[in-house]
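Input sequences plus hints: build the corresponding full structure.
First residue of the sequence shown: 216, per the numbering used here; consecutive thereafter.
Calculated directly from the structure, the hints in this document are not laboratory data. Idealized CB from N, CA, C, for every residue including glycine. Careful, some of the hints might be misleading.
[As the list claims (entries may be wrong)] Derived lysine to any residue pairs resembling SDA-like cross-links, with alpha carbons at most 20 angstroms apart:
(1) Lys273 - Thr231
(2) Lys273 - Ala251
(3) Lys273 - Ala252
[Claimed, not checked] Ranges of calculated distance between the beta carbons of each label pair, as one might list FRET restraints:
(4) Gly275 - Glu254: 31 to 37 angstroms
(5) Thr231 - Glu257: 14 to 20 angstroms
(6) Pro256 - Thr231: 16 to 22 angstroms
(7) Ala244 - Ala269: 23 to 29 angstroms
(8) Cys274 - Phe253: 21 to 27 angstroms
(9) Gly275 - Ala251: 29 to 35 angstroms
(10) Glu228 - Ala269: 24 to 30 angstroms
(11) Cys274 - Glu254: 26 to 32 angstroms
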Amino acid sequence: MHGDSKQLFELDEATTAWWLLFDGTPLSALARDVSAAFEMPEDKALNVGRAAAAELHKCGILSMGQGDD
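Written as structure tokens, this is what we have:
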């Protein structure tokens, strides 16, 4: 098994967590929760959150500017 597969799984799980947690709360606040839950650095959690927010925007669920710090 490739060494990065666990990390990729955790990132997929973290992205799912962002989708479930996102309710307009600033990403920086959610990053602390996701960081703690998935034992990943807060900056990495914030990057996952930004990617999830971008996906939500592409789907028309999130308007531009909503959810930014």
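Violated hints - listed by number, lowest first
Violated hints: 2, 3, 7 and 10; rest satisfied.
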